[in-house]
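There are 2 protein chains.
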Amino acid sequence: MAITIKDIANRAGISAASVSRILTNRGRFSAATAQRVRQLAEEMGYYKNQSAADLSQKASRVIGVLVPTTHTNFADEIIKGMQRQAFELGFELLIVFLEDDVQHQIKTVKSLLSRQLLAVVMLAVDLETAVFDVLTAADTHLLSISNQLNNGIPSISSDNYAMMHTIVDYLYDQGHRQVALIGAADPDSVVATLRRQGFIDALAKHGIRYNPALIWGIDNAYKTGLETIQNFGVPLPFTAVIGSADIVGIGILNAAKDAGVAVPDDLSIITVDGTNLTQITRPRLTAVQQDFAQMGELAITTIANQTLSPNTIIFTDVEMRPGDTVASL
Amino acid sequence: MAITIKDIANRAGISAASVSRILTNRGRFSAATAQRVRQLAEEMGYYKNQSAADLSQKASRVIGVLVPTTHTNFADEIIKGMQRQAFELGFELLIVFLEDDVQHQIKTVKSLLSRQLLAVVMLAVDLETAVFDVLTAADTHLLSISNQLNNGIPSISSDNYAMMHTIVDYLYDQGHRQVALIGAADPDSVVATLRRQGFIDALAKHGIRYNPALIWGIDNAYKTGLETIQNFGVPLPFTAVIGSADIVGIGILNAAKDAGVAVPDDLSIITVDGTNLTQITRPRLTAVQQDFAQMGELAITTIANQTLSPNTIIFTDVEMRPGDTVASL
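Going line by line, the protein sequences match chains A and B.
Position 206 of the first sequence, counting from 1, maps to 206 under UniProt numbering, and the rest follow consecutively.
Position 110 of the second sequence, counting from 1, maps to 110 under UniProt numbering, and the rest follow consecutively.
Keep in mind the hints are simulated off the structure, nothing from the lab.
Treat the hints with caution; some may be incorrect.
Unchecked claim - Taking lysine to any residue pairs in the SDA-like style, the calculated list, with each CA pair at most 20 Å apart, reads: (1) B:Lys80 - A:Gln103; (2) B:Lys257 - A:Asp258; (3) B:Lys107 - A:Leu40; (4) A:Lys110 - B:Lys107.
Said to hold, decoys possible - Some residues of chain A that are not near chain B, with every Cβ distance over 12 Å (derived): (5) Arg21; (6) His104; (7) Ser111; (8) Ser114; (9) Ser189; (10) Val190; (11) Gln197; (12) Asp201; (13) Ile215; (14) Glu227; (15) Asn311; (16) Ala327.
Being a predicted model, the structure only gives us computed values, none of them experimental.
The beta carbon of each residue, even a glycine, is placed where N, CA and C say it ideally should be.
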């Protein structure tokens, strides 16, 4: 026979309502009482039926997470950060992967929304308007991580504009004056736009007029990096290049090797992200490291504290991580 | 006011039961009828309340997926394959990441199981007995992907024993007689055990007595690969090495570069997995490629067709993918 909350309440000598609140992490109870109830629930084999709980609980503890199927490798770092904090604060994550196809996306999002959710976190997702409309029509909080959207959705990400200053300043200090930016040419992406503007303004700050031809490559793909050397031709019209993701930087590094361009002697490379990928190349990639775990943790914390409001933008830390791909001129 | 199945049925001129079956992908209906009902549901703003559906539906369409938080990069390929097929067949995936900590795992698994699930898929997971007991006590199908477990749980994976024959045969044909196996020394892992035995038997088949010292490294980690050269010392006591994962192979490749060992002239490298990582190294890694997308698709198909039974083992395809890291002696 199924164990009910009443059974646990009888054993614990408190009310069923209190047991329910403890098991759903609501209300305030002494640590001893809460622990005793949880232990009893364990021992007596009580499994909260979450589907029933979803229906009856006004404030769900479930947070939906949308992850693009073709995601960059930092997504795992963000999910780890979310998972850790969600566990800490008593929330549960439901992760769904989004295919590229819009009809698939709509169906997946609707299915996720049919559950009682406290919030939906979009993990580095750029959504078509049709999918977006489904999300905004739903009665749930929305939050974008590692991406800034242009429509009042709160977001947690690095300060992409300032990050480009950090990179350009670093290269300038090493003597570089001709610098290219690869993989941030997408006119529709807010992040790419912020990076372009930061790049241009940082160069201007140092008295360098930027050359529009040196901003090239729509996406953060390995292939974009790989095609960079061929696109510009050797000798390259720049001494340093910024890859807008680690995998772009690896593409540039390999293309340079293939074309006989020595890194860093003939070409310096800095990448954005600073994931583990930067450590498995030879030479190791110099990178500006984003704090993806922090993004994930903050996402859960702000949802838990209900400090989300439209247009909230939270910036997380970035740090220069010197590797072996930048030369001093 | 919420739109009900009855409202849709009235508009469509069929029974509410039929609408329900169409919207939950059960029963047989003409494509035209099914499409009309789905379109009406869309237009009328009907969102099936999945939590209510979970409770009332005997046969859930929801499949839980357990992914280790520290997973190898092929997990994404498996999830993509599952996602594609799940969408095709009208199933929904609930993905949860498992932290390393056992208490966290138990809590996460219990929370997942509190939903009405058709099956739980374990994605390359090795679980402690305590966690495993929770899973097996639940009234749901279990399936292991990319891992063979030792306890009657059905599994879908490459034929790890035969795969080692494929690799050793390939190396033998290129003239290699001293071969090391790195990252498969874990005595507790079924997969590692199968690989070791396949390795030993394949060598024996060619009249080579294996040297126990040449099976080294417990885990499939980059660090294990990186420490390989130093562990054996230069000159290496083998001409070829098998890395039990791409990232192990990259570690060996980098360690060889750092130690001045030329690949493939002084050392040949083959890795197991054949993910995109093998394409972003210079030289490109020769690999035996596992079909991870096929594993994911088959997982959903076998669950849908209810062809799972204890001890079922389904092997997926493997293929030699020559790169530039194996020399002919």
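Self-check item: Straight-line alpha-carbon gap B:Lys257 to A:Asp258, limit 20 Å
Solution: Holds, at about 17 Å.
Quiz item: B:Lys80 and A:Gln103: Cα distance at most 20 Å?
Solution: holds, 16 Å
Exercise. Test the statement that A:Ala327 is away from the interface with chain B: the closest C-beta pair must be farther apart than 12 Å.
Key: holds, 19 Å
Self-check item: Least C-beta distance between A:His104 and chain B, which was stated to exceed 12 Å
Solution: violated, 6 Å
Quiz prompt | Consistency of the no-contact label for A:Ser111, given chain B and a CB cut of 12 Å | solution = violated, 5 Å
Self-check item: Minimum Cβ-Cβ distance from A:Ser114 to chain B exceeds 12 Å
Solution: violated, 4 Å
Quiz item: Would you say A:Val190 is clear of chain B, with no C-beta pair closer than or equal to 12 Å?
Solution: Correct as stated: the minimum Cβ-Cβ distance to chain B is 25 Å, above 12 Å.
Quiz item: For A:Ser189, is the shortest beta carbon distance to chain B beyond 12 Å?
Solution: For A:Ser189, whose nearest Cβ neighbour in chain B is about 22 Å away, the distance exceeds 12 Å, so it holds.
Quiz prompt | Distal placement of A:Asp201 relative to chain B, Cβ over 12 Å | solution = holds, 32 Å
Practice problem: Beyond 12 Å from every chain B Cβ: check whether that's true for A:Glu227. | Solution: Label holds. Min Cβ-Cβ 14 Å, cutoff 12 Å.
Practice problem: Over 12 Å to the closest beta carbon of chain B is the bar; see if A:Gln197 clears it. | Solution: At roughly 30 Å from the nearest Cβ of chain B, A:Gln197 sits farther out than 12 Å, so the non-interface label holds.
Quiz item: Is the nearest CB of chain B more than 12 Å from the CB of A:Ile215?
Solution: holds, 24 Å
Comparing the model with each numbered hint stated earlier shows that hints 4, 6, 7 and 8 do not hold.
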